[in-house]
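S.K.: Protein sequences appear in the order of chains Z and P. Sequential numbering of the first sequence, starting at 1, is according to this note's numbering. Sequential numbering of the second sequence, starting at 1001, is according to this note's numbering.
None of these hints come from the bench; they were simulated from the model. As the structure is a computational prediction, the values presented were derived from the model and not from experiment. Ideal Cβ positions, reconstructed from N, Cα and C, are used throughout, including at glycine. Honestly, I wouldn't trust all of these hints.
Unchecked claim - Covered stretches of chain P, going by a simulated chain Z footprint (3 or more residues, C-beta under 8 Å):
1) 1039-1047
2) 1056-1062
3) 1105-1115
4) 1157-1163
5) 1238-1244
6) 1248-1254
7) 1263-1275
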Amino acid sequence: MSGGHTSRGHAVEVAALRARYPDAFRIAWPARLATVGVLLGLAGLTAFALWRLDVSAARILNGLGRLGAFAVLMLPPSAGGRFPDFLHALAETLGIAFLGTLTAALLAFPVAFLAARNVVPNPFVHFAVRRGLDVLRSVDVLIWALIWINVVGLGPFAGALAIACSDIGALGKLFSEAVETADRKAVEGVTAAGGGGLHRVRFGLVPAVLPVLGSQVLYFFESNTRSATIIGIVGAGGIGQYLTELIRVLELQQVSCLVLMILVTVAVIDAVSGRLRRALIGGEAR
Amino acid sequence: MDTRIVPLAPGRAAALESAYARAVAATRRRTILTLAAIAVLAVAAGFAAEVRPLVLAENIGNFTAYLGRILPHLTLGNLRGDLAEWYWGLPKWAALLGETLLMAYLGTLLGGLAAFLLCFGAAENLARTRAGRFLTRRALEFARTVPEIVFALLFVIAFGLGPMVGVMALAIHTAGALGKLFSEVVENIDMKPVEGLVASGATRVAAIRFAVLPQVASNFASYGLLRFEINVRGAGVMGFVGAGGIGQELLVAIRNFYYTDVSAILLMIVATVMLIDLGTERLRHHLIGLEHGR
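Generate the whole structure from the sequences, applying the supplied hints.
M.R.: Below you can see the structure in the form of structure tokens.
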């Protein structure tokens, strides 16, 4: 197309193509109108939201100035002599995440089989179990923490229970999906060899789904490490307690130290559990 | 048909059996070691998290009593009146819930736009410079590792109380989370259309518009919807730190022991989250269907 053609010749060529392949040049009006309609709807909703939530450029600009000042005050990060306290809080955070995930996994494991269509054929049972799991899942960890604080008092124990509660819902759902997509052949083999219902689950399903489940649990442990860092905001233990306190009194150097500690911990946990997950899934493939 | 089973030579059978026993023992040993490691970690975690099973056992009655107390007192004879009493704050709560949904929407949209602008620079196949890619990736990582509520805590001090802060916190976290997912989608595209366009002299923007976007649009939208679902939950608790939405009202109800208010608000949140889940699931299946139909 380069060089030889003048722009006039180009136009003629396009016209010829248009005459020869009218379908390729036809504009699909219904599809285009639908796209424009959806975009207009989204834009309208955005405008309404901006107005309703009083987002204003002036406030943002003012705030950004203050945020910039904060950023300067955050440097350099310093623990202000409280590093041992912070380390203790970090250990607490990891403890909350680990125990919460473990408890949730142990409780979700049997429930998942009840929620799986191929184990419990009764539709009412697995419908009820699934909706129950949905309810557990749709209440946020922080809300669970507030509720458990009423029961066991302030402190990390409430945090661990909160993480366990909201994760039973999420893990139960994922586990039951893993059980449902498991290969049926092993189960049929156990049945053919005269195995009963429990045998089918123990020897036909569990070995097939265990690596998948293990890797999901590790994944949740990673994400729970993040959740456990904030659960202290409502008083349920961990590093979040210090974080809230220090942000409120604007000890920003210590805040940046805490954030740095969280980032490093999360990165380390991610790396370790990523390794373990690959080992689990790789062991499965072999 | 002759189905006589020929027994193995005694030496061979013994060798096979001992090999089998060894294999089983090795697996068993590994299982026991793993379980022991988990148990040790659990005990250590229990110490760190100050687990007090006795307190739990003593106070588990409180939990059921609490559940009993937050349930409303409904009688069949005066159902309308009881419901009205239970949901006495309905107009206020509904408005706050609407605000929560708008926060989640705006946070997802703004974060999604930022993620969209950044994801091409973070993808291995489309990034222009290694340094740019490295920086973009680290920035996205930072944005998604710091929990949104921590951003909200900081922003509340810088920008003042209100839902705008919640939107900004959600948007930053969303940009980090979606930016990573988007760039992974972009890394998995078929590069031939891109090469074709670049060979015919297209600019970078044109190549992205006509060669990349058609391949990734439905996936992006699907991830965006998934994130919206997550952000609805997140927006629900933004009020705990004064960043708008229904969280503030819930916090006040729980802290001040307005028992029936707790169940009323929780029920509204749970119902909304479930409806949103169902709705976005429908939409996502529709989107994925569109892609396969093409």
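S.K.: Run every hint past the structure and note whether it holds.
M.R.: Right, here's what the structure says about each hint:
Residue count for the stretch 1039-1047 of chain P with a Cβ under 8 Å from a Cβ of chain Z: 6. That meets the three needed, and the coverage hint holds. As drawn, the stretch 1056-1062 of chain P meets chain Z at 4 residues by the rule of a beta-carbon pair under 8 Å; at three or more, the given contact holds. Using a Cβ-Cβ cut-off of 8 Å, 3 residues of the stretch 1105-1115 of chain P lie near chain Z, which meets the minimum of three, so the contact claim holds. Counting residues of the stretch 1157-1163 of chain P whose beta carbon lies closer than 8 Å to any beta carbon of chain Z gives 6, which meets the minimum of three for the stated coverage.
By the rule of at least three residues with a Cβ nearer than 8 Å to a Cβ of chain Z, the coverage given for the stretch 1238-1244 of chain P holds, with 3 such residues. Counting residues of the stretch 1248-1254 of chain P whose CB lies closer than 8 Å to any CB of chain Z gives 3, which reaches the minimum of 3, so the coverage claim holds. Beta-carbon proximity to chain Z at under 8 Å applies to 5 residues in the stretch 1263-1275 of chain P; the threshold of 3 is reached and the given coverage holds.
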